[in-house]
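Participant: Here is what each chain is made of, one letter per residue.
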Amino acid sequence: MGKFITGKLLQYFIVIFLMLTLNFLLPRLMPGNPLVFLAGEDVGFMSSAEKDAILDKYGLNDSILEQYGTYIKNIFTGDFGYSYQQKRPISELLMERLPWTMLLTGLGLVLSTVIGVMFGAISAWRRGTNTDANLLTVFMFLSAMPSFWVGMILVSIFSAQLGWLPVFGAESAWSNYTGMDRFIDIGKHLILPLATLILISVTSTFMIMRYSMLNVLGEDYIMMAKAKGVKEKVIKYKHAMRNALLPVATVFMLSLGFTLGGATVIETVFAYPGVGRLMFESVLSRDYPLIQATFLIITFSVVIANFLADLIYPLLDPKVGSRNG
Amino acid sequence: MNTVLSVENLSTYFKTDKGIAKAVENVSFSLNKGEMLGLIGESGCGKTTVAQSILRLIEYPGKVVSGRVLLNGKDLIKASEKVLSSLRWKEISVIPQSAMNALNPIFTIGDQIMESILLHENVSKREALQRTKTLLELVGIDGERWKSYPHEFSGGMKQRVAIAMALACNPKLVISDESTTGLDVLTQAQVIALIKSLQKKMDLSVILISHDLPMVTAICDKIAIMYAGNIVEWASTEDLLKNARHPYSQALLNASPDLGNPEKEVVSIPGSVPNLVNFPDSCRFHTRCPHAFDKCRQETPEFREIKNGHYTACFLEEEGNHG
Chain A
1 MGKFITGKLL QYFIVIFLML TLNFLLPRLM PGNPLVFLAG EDVGFMSSAE KDAILDKYGL
61 NDSILEQYGT YIKNIFTGDF GYSYQQKRPI SELLMERLPW TMLLTGLGLV LSTVIGVMFG
121 AISAWRRGTN TDANLLTVFM FLSAMPSFWV GMILVSIFSA QLGWLPVFGA ESAWSNYTGM
181 DRFIDIGKHL ILPLATLILI SVTSTFMIMR YSMLNVLGED YIMMAKAKGV KEKVIKYKHA
241 MRNALLPVAT VFMLSLGFTL GGATVIETVF AYPGVGRLMF ESVLSRDYPL IQATFLIITF
301 SVVIANFLAD LIYPLLDPKV GSRNG
Chain B
1 MNTVLSVENL STYFKTDKGI AKAVENVSFS LNKGEMLGLI GESGCGKTTV AQSILRLIEY
61 PGKVVSGRVL LNGKDLIKAS EKVLSSLRWK EISVIPQSAM NALNPIFTIG DQIMESILLH
121 ENVSKREALQ RTKTLLELVG IDGERWKSYP HEFSGGMKQR VAIAMALACN PKLVISDEST
181 TGLDVLTQAQ VIALIKSLQK KMDLSVILIS HDLPMVTAIC DKIAIMYAGN IVEWASTEDL
241 LKNARHPYSQ ALLNASPDLG NPEKEVVSIP GSVPNLVNFP DSCRFHTRCP HAFDKCRQET
301 PEFREIKNGH YTACFLEEEG NHG
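Chains A and B, in that order, give the protein sequences. Numbers 1 to 325, taken from full-length UniProt numbering, label the letters of the first sequence in order. Numbers 1 to 323, taken from full-length UniProt numbering, label the letters of the second sequence in order.
Isolated chain A (complex conformation) (with noise of 0.2 Å):
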């Protein structure tokens, strides 16, 4: 298992510097001077000299090598540049948004996971009764809709219609909530992109574990339990819901990798302050350094969700562990 952890550790560090590298190399290689970005069209006035001093505030004047170093060691202390769209540094700002997005999108693939799979088993144990027609008819239709039009009609029905929920934001502005008020202004908050984000999702989850748990429980080894008299309770839950999550955790895993990138158009219909909604802003504005950083952001997410499906995978499924260690 040490070894096992060892030479993924090892296959995981060679994917970030290599990652890294590239991300500091396309910038560089797209065409145009790094000045138009940096002063904007002012450049045409611009003396050699004051040319000159901006690019050596950027460091932009070393050799291409001290750039990569200086690149290096920045991310590892947390310095991402700085948004000159935003005026601030980057590090800032994701340290911002992140909070949010993390509670949108994590509690969003929790959920969403957790409806997606009780439903799925409860389709698949219930295989060809008008119960199983009905929930499969249900999610074929959630995962019909996009998630722009959900967002819409929630807005339209619980917040301009009802009024029971506000507009959009995480949390209400020029207010001083404090303790349980903000934590149930949050709440309020939270609860319709929360609600687009999970119907949206929650299909793909619910048809891997109909589909799996409906292989499982073809498999002779459910047959031979029930030979044994275990009791359909314990048939269901212990020896086939095991079996049929493994594909679920793959895909859980998968998923986990891109929660830090938030949920773009959800964040972007509710106004929501999440890295999703930045990445979109930095994208309209041309902010590279943050289109750069952002990106940075939901890579590192992936491989580091890589890397925990690799440690808890063989947790869950005794075949992998042991084929690998």
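None of these hints come from the bench; they were simulated from the model. Ideal Cβ positions, reconstructed from N, Cα and C, are used throughout, including at glycine. Heads up, a few of these hints could be off.
[Claimed, not checked] Partner residues are not named here, just some residues of chain A that face chain B (Cβ under 8 Å, in silico):
| id | residue |
| --- | --- |
| 1 | A49 |
| 2 | E50 |
| 3 | K51 |
| 4 | Y221 |
| 5 | G229 |
| 6 | V230 |
| 7 | K231 |
| 8 | K233 |
| 9 | K236 |
| 10 | H239 |
| 11 | N243 |
Dock chain B against the given chain A, drawing on the hints supplied.
Facilitator: Okay, now just chain B, sitting in the frame of chain A:
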């Protein structure tokens, strides 16, 4: 004689899109204590369905439509789910068709054997583990390997594990459902020898389901021959070998090689097994039977005793015009 299991007029049907498939029809036989019965027939003739019907493991779209399965006088078909759960494995256990798939991949084999012991007997975990180790030793596996997962064993060893598991609760009856399928010939012989020796040692009653006629005749006390969902003949091995009455039994004996007589010409049975969906009233073998006459095509022959302990279902016997 001390009858352990008695199956009476058992019928199991499956619903299909094209109609009702009568997979098992009117099957009767019984088994005495310490007896080994070979249930023989070609693929798809209903052997496994009989085994599953006995333990009531048939699931939708299948259903046991009639008949009784008496285990020490108790009817399993009518038993409540609770009673059934307590009888399964404690009284009847199964060595499954393919041990590769019959062991749950995410639990250790020790866990799986212990599960059945803890389920049926009021013993401590430690004692259950001790018994599990003893069982593994009994089938020739190092007891300390209880911590291994199924994928860490070879096919033959998994089969041994399955046998150990079947014996976990000291059952009175073991159904071995083609438990050597997929193993190489040497391992097959070992597994069969193991079952036979354990049967003698523990005075078990065994139903040995197989399509290997020479093997079954070599080790079983009695033989029941199935064809297309019916038992066509049931007799002691000796009677059957010397005096097979049903044309299918005779054809089957002619179709299998005899080690003692290498000169023997092996004759195949012409034709193929009929489709069992919506099968009309008739003898199910009439399409391939060399002796078939009108009655065979219109009526179903009764399964009856023609001599002490020798049963068959054939109109030739009724007419008295056999041989």
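Participant: Hints first: check each against the structure and report whether it holds.
Facilitator: Outcome of the hint check:
The beta carbon of A:A49 comes no nearer than 70 Å to any beta carbon in chain B, farther than 8 Å, and the hint placing it at the interface is violated. Interface restraint check: A:E50 against chain B, minimum CB-CB distance 68 Å, threshold 8 Å, status violated. Given hint, A:K51 at the interface with chain B, is violated; its Cβ is 65 Å from that chain's nearest Cβ, farther than 8 Å. The criterion of a C-beta within 8 Å of any C-beta in chain B is met by A:Y221, whose closest approach is roughly 4 Å, and the hint holds.
About 4 Å separates the beta-carbon of A:G229 from the nearest beta-carbon of chain B, less than 8 Å, and the hint is met. Hint on A:V230 holds. Least Cβ distance to chain B is approximately 6 Å, under the 8 Å limit. For A:K231, the interface hint holds, since its Cβ comes within 8 Å of a Cβ in chain B; the closest pair sits about 6 Å apart. The interface hint given for A:K233 is violated, since its Cβ lies 11 Å from the closest Cβ of chain B, which is over the 8 Å cut-off.
Nearest Cβ of chain B to the Cβ of A:K236: about 13 Å, over the 8 Å cut. The hint is violated. Here the hint on A:H239 is kept, as its CB sits about 6 Å from the closest CB of chain B, short of 8 Å. Contact between A:N243 and chain B, as hinted, is supported at the beta carbon level, the nearest pair being about 6 Å apart and thus within 8 Å.
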